[in-house]
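Colleague: Here's the letter readout for the chains.
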Amino acid sequence: MAGRTKQRLILTLLLCLGFPPLCLAQSNQLHEMSLERWGQLREVERHQMKVAEKYFGDRNWSVAADEYDKYLTLYETSDAASHALLKWAICQVELRRQNTAINDGFRSVVDYWPDSDDAIAASYYVGKTLKDIGQNQKAKTALNEVATDHAKHLAGVLAMVTLADIATVEKDDDLKEDILHKLTFDALRDKRTRRQCETASLQLANILFSKGAAADGIKALTTTYQDGRLASEVVNQARSPIRTLLSGEQTKPKANTLANEIIAFLREQEPKSTASDEDKTYARNLCFLVVDVLRSAKRSPEVDKEFANIAKRFGTDDQLLGRISEWHVANGEYAKARQAYGRFEDKIAGLQLVATSYRQEKDIAQAIQTYNKLMSEDAENQSKWKAESAAAYREFNKYNEAIALYQELVQEDAGNADRWLWETATTHRDAGQWKEAIGCFRQSERFPESYWEMASCHRRLKQHNEAIALYNQIAGGDKGRAPGAMLQIGYTEEEAKHSDKAIAAFKKVCRLFPKDQHASRAHAHLQNKYKLTVTLGGAKQD
Amino acid sequence: MNSVSSLRRSSPAVKWTVGYLIVWSVLLIEIRTLQIVSNWGHLALGLLSLPIVVYWLKNASRDESQMRLQRCVIGTLAFVVWWQLMLVLLDTLVLDTARANAARWGTAGLFFIGLLWVVWGIERASVYYQQVGSGRTRGSDPVPPIWNPLNLDASFYAIQWLPPRPLPILRYLSQPRNPNVLPHGQRSRKLDQSFLALLTYTFSFLMLALLFSQIGGCREIYEMPAGGGEQKQLAQVVKIKKVIRKKYIINPLSSIIFAVPPIDDVQLELTEITKHAYQIGQGEGKGAGFSGGTFRGKVRFIRLEYSGGDWDQDYGVGGDLNMLLEYGIRTQHKVAERTESRTIGQLANFPLGKSPPLVYMTGQQNISLSNSEVKTLREYLTEKHGMLFGDNGGSRHFHNQFLSMMNRVLPNVRPVPIPLDDVIHRIPYQIPYLPYVAPHGGKEALGWYKDGRWLAYYHPGDIGDAWSDGHAGVSADIWESCYRIGTNVTFYAHSEYSKWLDAQNKD
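Taken in order, these protein sequences are the chains called A and B. Counting in my numbering, the first sequence runs from 1 upward without gaps. Counting in my numbering, the second sequence runs from 543 upward without gaps.
If you're looking for bench data, these hints aren't it; they were derived computationally from the structure. Each residue gets a CB set at the ideal place from its N, CA and C atoms; glycine is no exception. Possibly wrong hints are sitting among the right ones.
Simulated restraints on C-beta separations [said to hold, decoys possible]: (1) B/ASN942 - A/ALA335: 42 to 48 Å; (2) A/ARG442 - B/ASN949: 29 to 35 Å; (3) A/GLY248 - B/ASN949: 24 to 30 Å; (4) A/LYS531 - B/PHE621: 48 to 54 Å; (5) B/LYS1048 - A/ASN528: 57 to 63 Å; (6) B/ASN942 - A/ALA504: 29 to 35 Å; (7) A/GLU36 - B/ARG920: 53 to 59 Å; (8) A/ASP104 - B/VAL916: 23 to 29 Å; (9) B/ASP993 - A/ALA391: 56 to 62 Å; (10) A/LYS336 - B/ASP993: 58 to 64 Å; (11) B/ASN949 - A/ASN528: 25 to 31 Å; (12) A/ASP317 - B/ARG920: 35 to 41 Å; (13) B/ARG920 - A/ALA308: 28 to 34 Å.
Over the 10 Å line for every Cβ pair with chain A, so calculated as not near, a few chain B residues [unchecked claim]: (14) TYR562; (15) ASN601; (16) ALA642; (17) ASN693; (18) LYS876; (19) PRO893; (20) SER937; (21) VAL955; (22) ARG956; (23) HIS982; (24) GLU986; (25) TYR991; (26) LYS992; (27) SER1017.
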C-alpha cells in the first residue's frame, strides 16, 4: 500500500515537472484538464492527448482539431473524451466555425457527459460563442442558465461577466446593475474568480454613486478593499459621478449630497488618535482625499479651508505645498502657485516647478531665467537644466537659441553626445533648416531613423535621388522598415515627376510584401492615381 | 366641352394625332412609375411619331398664313417626343453616360423652347391689350387700376420697388387704387414685364421639373422575382459521359494514306452534364425566385451614394454589373439589365414591403452622413428589413469610417466576425475561407446581427475590385470565390426579406 502511494507521488511529481504549463493553466483556464484527471488516463491516451495539446498550445488549430478528433475515435470511452471534444470545439471557434463548434462540440459535451466538469464549461462556451457571433438573445438565455445553475463555479462567474458585457452593449442598465450586484456580493471569490469580482465591485460602485447611493457604493467597494485602500478607491470611483451629477441643474442637489456623504465617510475613517506616525500619515491622506472630493464638487472656499486645516493639524511640507499649488494651477492662478513653490524645502524641485509654471503661462523669458538660476544652484545637473532650457526655446519656436544650447551640450556632455546631436538635428528640421538637419542626422548613430529623417529632408530640398538612395539603404538594412521605405521611394519618384519609376516602385511593394499594410496603400494609390490594377495575391486559406 | 366637340368636328388626322399624344403621355408616366411596358414598346410608340410629324410638316406648308406658327408647334412637340425617344433608346442600349447627357441637354433645350413661346405669348398679349387699352382711354371715366401682368399698363410696372421703402409700400397696400403713392422711377415697363415673365417662367419650369421627377421618386418600389426554391447548399451533379471513339482498322498495305494525328493532339470529347439538384430560392412558388416576389420583379443591384468619398468605384458596366449578371446566371433569378444607384435619402421613397432587400456601399475615402441620413438608413435596416453590403474599396481609413458610420446607425449592435459556417457563407455556395483582393480592413468579414438576421455585411478586402473586369489581377479561384460571396449575400438578403414578407402576410 505504501509502495502504491509512493508510486502515485512520484508520478504526480513527474507530471508536475513534465507539464508545468498545464498546472499553471489549471488555475486560470476553464478548459484545462486537472492534473488529477490527467494522472488517471492510460499511457496511450496521455500520449495522444499530449500530441493534441501541443498543437493546441502552438495555436495550430486545424491540426489540433484533427488530433482531438483522433483521440475521440480511438478512446471514445476514455475519461478525457469530454475534454477532447471540448477542446475540439474550441479549435473550431478559432477556425471561425462557431456554429459547428456550438452544435457539434459544446452541445454534444453537455448532452453526452452532462455530469462532467467539462459540461459546465461547455455550457458557458455555448453562451460566450453565441455572444461572439452577435446572437445576443440566445446568448443571454444560455449564459443565464449557467450563471443560475453554477453561480459558485468559474463558468458561472464568467457567464455573469459576459452577460454584463451584453447588457453594456444593449444599454440595459438594470440588467447590468443586477449582474454586477450578483458578481460583487454573491459570486464565490477564489484565486480564479477574484479579478472578475473585483472589477465588478468597482463598476457597481461607480453605477451606485452615479445614482447618488453613496452608502451602497461604499458597501460594494468594501467587498474588495479594506482599510487604507478603501477610502482612496471610494474617492476614485465617486469623483467622476460627482462631476457628472453637478453638470445638470436637476442633479446638482444629488451631487452635493453624494459629496457630503463621501466626506462624512472619510471623516469616519479617521483614526481617533494620531499619536503614531502611521496614523498621522493615514489621517493626513484622508484629508487630502476630502480635498479631492471638494474639488470635484467645485467648492473652492472649502478647499482653501481644508488646506488651512491640514497645515494647522499636520504642519506644512512639500507635499502639502505641492497639492496647494496644483490646486492654484488648476484654477489658472500661476502667481499663487509660484508663491507656494517658493516655500518648498527642496529648493531645486520648487524652482523646477516654477519654471514649468512659467512655461505653462507662456512666459519664456522668466522660464529661461529660472532655468539659468537652476543651472547655477544645481551645478551637478547643469546639462539637465540646459536641455530643459533648450526644450523651452523649442516650445516657443526659438530654434536658433535652442540649437546653440544643444551644441553646447554636445561639447559638454560627451556621454550623451548622440542624444544632443539628435535633438539638434530635429530642431534644425523643425526650423526648416534642411541642409543643417541633414548634416546633424548624418552624424547620428540611430539607424534607420536618421536615414529616414535625412531622406525626408532631401525630399524637402527636391534632392530626390539622394532621398531614394537613402530609402534603398533602409530597405536593404532593415527588413521591418523595407516595405515602408520602398513605398516612400514610389512617392519620391512621383515628386520627381518620374511616373514610370513611381509605378514600378509601387508595384514592387505589392509584389514583394503583399500582406503588408504598405502594400495595401500602394495598391490603392496605383488604382486611384494611375488607374492600374495590381494583384496582392488575394486570400489564402489559413 | 367646346374643345371636345371641336375635336369631334375636326379631321381624322387631328383625331389620330391627339389620340397618339394622349397614349404617349400615359406611357411617359408609366415608364416612370409602373414600368410594365417594355422599353421596346416605348420605342415602337416613339417611332410612330416620325410619319405623324412628316405628315403635319407637309400639311403646314400648304397654308402659307399659318405656316410658321404650325411649324413651330410641330417642331416643339416633335422635340419633346423625340427627346424622350432618344432617352429610351439610350436606356435600352445601356449607354448611361450618353443618356445622362441627353437628359441634361434635352432639359436645357426644352427650357429655351418654352422661353421662346413665353416671349411670343407675352408679345402677342401686350399688342392685344395695347389695342384694347387705346379704345378705353378715349372715354372720360376714371380708369380703374390694371392688375393683369400681360397688360403693359398694369399699375405695378415701372414702380421703383428696390431698394424697399417701408412707408410708401405700406401706403400703397392701404390704397391699392392709387399707385402714385409709390415712388416711380425711370424704368421701362417692357423691361419689367419681360423680367417678371422670365422669373415666373423659370420658377414654374423648375417646379414642374421637380414634380415630374418626383412622380417616379415618391412611388419607387422594389419587387423580387416570383418563384420559390430551397435555402440549401449548392450541390452540383457532374456526370461525365464517355464518348467512345471510333476505331479505324487500317490496312498497312493499303494504297490510301491515313494521316493519323499524334496521340497528344487527340481531343477527348467529354460531355459534362451539370445541373443543380434543386432550384435556388425561398418559398413554394414555381421557378427559381422568392415566394414574396412578383411576376415582374427582378433582383436589382442598388449602390448607395454618399457624400465625402468615391461611392462610384467600379460602378456599372465592367464593374458591379458583372456581379449582377453572375448572380442571374448562377441562381436563374431574373435580374435587372443594369445596376443602379440611390442616395441614402432616396431609400425613404421605398414603401414598407417594397423596398430593396440589399444595398451596396463601397469607397476608400470619407463617409459623411447627416443625422437625417443616419435615421433613414437605420429605418431602412431595422424597420424595412433591409441589409447593407459594405465593401472596403481600398484603405484602412474607409474601414474606420464604415465602422464609425455603423456605430451611429446601429448604436446598440456591435460588429462581430461572421463565422465561416454561417448560413450567409454556406448558401448557396460553401465559402471555406474569406477571399479578398487586399486586406485593407483585415481578413475577416464583419457583421451586425440583430433580431435573428444580419443587418449588415462588411467585406474588408475590396470584393468589388474582384468582380470588375480584369478581377484586379487575382487568381481565378479567388475571383470565383468573390462572386460566390456576392451571390450568397445577395441571396441571403432576398430570402430573409421574402421570409419576412411571408410572415407579414400570414399576420
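Colleague: Now tell me, hint by hint, if it's right for this structure.
Modeller: Verification of the supplied hints:
1. B/ASN942 - A/ALA335: 42 to 48 Å: 45 Å, holds
2. A/ARG442 - B/ASN949: 29 to 35 Å: Taking Cβ atoms as reference, A/ARG442 and B/ASN949 lie about 47 Å apart, which means the hint is violated.
3. A/GLY248 - B/ASN949: 24 to 30 Å: 25 Å, holds
4. A/LYS531 - B/PHE621: 48 to 54 Å: 38 Å, violated
5. B/LYS1048 - A/ASN528: 57 to 63 Å: Since B/LYS1048 and A/ASN528 have Cβ atoms about 50 Å apart, the given range 57 to 63 Å is violated.
6. B/ASN942 - A/ALA504: 29 to 35 Å: 30 Å, holds
7. A/GLU36 - B/ARG920: 53 to 59 Å: Distance hint for A/GLU36, B/ARG920 holds at roughly 54 Å.
8. A/ASP104 - B/VAL916: 23 to 29 Å: 40 Å, violated
9. B/ASP993 - A/ALA391: 56 to 62 Å: 57 Å, holds
10. A/LYS336 - B/ASP993: 58 to 64 Å: 60 Å, holds
11. B/ASN949 - A/ASN528: 25 to 31 Å: Given range 25 to 31 Å: holds, Cβ gap about 26 Å.
12. A/ASP317 - B/ARG920: 35 to 41 Å: For A/ASP317 and B/ARG920 the Cβ distance comes to about 59 Å; the hint is violated.
13. B/ARG920 - A/ALA308: 28 to 34 Å: 56 Å, violated
14. TYR562: For B/TYR562, whose nearest Cβ neighbour in chain A is about 48 Å away, the distance exceeds 10 Å, so it holds.
15. ASN601: Nearest chain A Cβ is 55 Å from B/ASN601, so the label holds.
16. ALA642: 21 Å, holds
17. ASN693: 61 Å, holds
18. LYS876: The claim stands: B/LYS876 keeps its Cβ more than 10 Å from every Cβ of chain A (closest is about 31 Å).
19. PRO893: 29 Å, holds
20. SER937: 5 Å, violated
21. VAL955: 7 Å, violated
22. ARG956: 5 Å, violated
23. HIS982: 5 Å, violated
24. GLU986: Its Cβ does come within 10 Å of chain A, the nearest being 7 Å, so this is violated.
25. TYR991: Violated, since 3 Å does not exceed 10 Å.
26. LYS992: Label violated. Min Cβ-Cβ 8 Å, cutoff 10 Å.
27. SER1017: 6 Å, violated
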